[in-house]
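Let the sequences and hints guide you as you build the complete structure.
Going down the list, the sequences are from chains B and Z. With our numbering, the residue at position 57 of the first sequence is 57, and numbering never jumps. Each position in the second sequence, counted from 1, maps to that position plus 229 in our numbering.
Be aware that a few hints might be false.
Selected chain B positions facing chain Z (in silico; Cβ < 10 Å) [as the list claims (entries may be wrong)]:
hint	residue
1	Gly51
2	Arg77
3	Ser78
4	Ser85
5	Met87
6	Glu96
7	Leu104
8	Asp109
9	Trp124
10	Arg146
11	His150
12	Trp197
Computed footprint of chain Z on chain B; a stretch qualifies when at least three of its residues, placed anywhere within it, have a C-beta under 8 Å from a C-beta of chain Z [as the list claims (entries may be wrong)]:
hint	region
13	52 to 64
14	114 to 121
Calculated from the structure, these hints are not laboratory results. Even for Gly, the Cβ is constructed at its ideal location relative to N, Cα and C.
What follows is each chain in one-letter form.
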Amino acid sequence: MSTAIEMRALTKRYGGTTVLDRVTCSIEAGAKVALTGANGAGKSTLLAVLGTLAAASDGSFAIAGHEAERDAAGLRRSIGVLAHSPMVYEELTPLENLRFFARLYGVEDGEARASMLLERVGLWRRRHEPTRVLSRGMHQRLAIARALVHDPRVLLLDEPETGLDAEGLALLDAELLRAPSVTVLAATHQLARTAEWAEARVTLHRGRIEAVEGTGVMAEVATREAVRR
Amino acid sequence: MSAVAAVLEKDLRLLWRHRSGWLSAATFAAISLLVYAFAFDLVGDEVRPLLPGVLWVTFLFAGTIACSRAFTDEVEQGTFDALLLAPVPRTALYAGKVLANCLALLAVEVAVMLLATILFNQTLISPVLLLDVTVGTVGYVSLTTLLSTLGARVRAREVLLPVLSLPLLVPLLIAGVRATDAALELPAGSAPWTLLLVVFTLWSLIASALLFPLAVER
Chain B
1 MSTAIEMRAL TKRYGGTTVL DRVTCSIEAG AKVALTGANG AGKSTLLAVL GTLAAASDGS
61 FAIAGHEAER DAAGLRRSIG VLAHSPMVYE ELTPLENLRF FARLYGVEDG EARASMLLER
121 VGLWRRRHEP TRVLSRGMHQ RLAIARALVH DPRVLLLDEP ETGLDAEGLA LLDAELLRAP
181 SVTVLAATHQ LARTAEWAEA RVTLHRGRIE AVEGTGVMAE VATREAVRR
Chain Z
230 MSAVAAVLEK DLRLLWRHRS GWLSAATFAA ISLLVYAFAF DLVGDEVRPL LPGVLWVTFL
290 FAGTIACSRA FTDEVEQGTF DALLLAPVPR TALYAGKVLA NCLALLAVEV AVMLLATILF
350 NQTLISPVLL LDVTVGTVGY VSLTTLLSTL GARVRAREVL LPVLSLPLLV PLLIAGVRAT
410 DAALELPAGS APWTLLLVVF TLWSLIASAL LFPLAVER
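Next up, the structure:
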């Protein structure tokens, strides 16, 4: 099985504070991995670094074979990101939002792709309304469609359940968390739900990997003394 | 090129739907002209030598107000990160933003020139003057758009942008005023002011385009 995400001693410091501390981990292609840990453990920072939104202070990583330092554009083309905020334009309609992102990613026939995704996330009937009038859950559905617009091979998700009702959660499971042949790394606090979709669980504590459970992940686990220090 | 066009089209659409920012800048520019007219008693033939300075100061202040929102809205909505996630050169995102801001500001500036023409009874619309204004606008928009990126995540951004940008724009202001003097057939000295305006604009464009990827790095 090939490696989808490879992190080598990944470190992130903000000023004098080390938020990620030499995280070394590899995730197999197609694996569904839950990233857990208390608030401030470094989950969002790890996803931001992997998404190239924040530069690593030290270490290196590659996604889908694209090294971040040498081929950032190729890496970005391989990933779909769902963050805390839906990252969509409130003054544009759902259809205009997806058309724009499809164009930005160079998706062929972006119009058809946008329409198909709006159908899949249940926003087709509201495609011409300004996004600002949609509910929080519908924003999240649109964010799911945005993350999928370029058909990424790796999904980086930061608390993807936010704002979703039961129907929305089912959609999230079907489109993202259980998507076949797509690698998923999702930060979550909903530990009970991870049993439904995750094959592995990586736990962060103070920026270091404290524990790894399940299959599809190889990681350097810090000793308890090192993590507590 | 496709990314530049996509950002340009999206930004123009957003500017049209979210007009309050640009209308504020246009209203500010119109009120500034009226204030200058009353403060300096700008009537008759005496007004002509003062017009270049009045116009450019109005353009710079209105432009600073308008450009301050260039990235603030994106940061507040989280869409700035969505742009940065796209597999396109970050300079392309910057170019799209600059083009959209330039087009919107040029529309405001032409309206200001028409208003000044009526208010001061002086002919201001000429091809040479429009060229100078266009070149100068590209120069200061490229710089203020970059600086608005730096200030977008700062709480005191409304103050930060003018404080950072206006000192840097002094050479452009001098060249713009002098080039406008020449376009209005006023004494402007022997220096090639339009050429200096072009040089400043090129410097500003190239430096800002090179610095933008570093400015957005976290």
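Results for each hint:
{"no.": "1", "hint": "Gly51", "in the structure": "holds (6 Å)"}
{"no.": "2", "hint": "Arg77", "in the structure": "holds (4 Å)"}
{"no.": "3", "hint": "Ser78", "in the structure": "holds (9 Å)"}
{"no.": "4", "hint": "Ser85", "in the structure": "holds (3 Å)"}
{"no.": "5", "hint": "Met87", "in the structure": "holds (4 Å)"}
{"no.": "6", "hint": "Glu96", "in the structure": "holds (7 Å)"}
{"no.": "7", "hint": "Leu104", "in the structure": "holds (4 Å)"}
{"no.": "8", "hint": "Asp109", "in the structure": "violated (14 Å)"}
{"no.": "9", "hint": "Trp124", "in the structure": "violated (21 Å)"}
{"no.": "10", "hint": "Arg146", "in the structure": "holds (7 Å)"}
{"no.": "11", "hint": "His150", "in the structure": "holds (8 Å)"}
{"no.": "12", "hint": "Trp197", "in the structure": "violated (23 Å)"}
{"no.": "13", "hint": "52 to 64", "in the structure": "holds (count 4)"}
{"no.": "14", "hint": "114 to 121", "in the structure": "violated (count 0)"}
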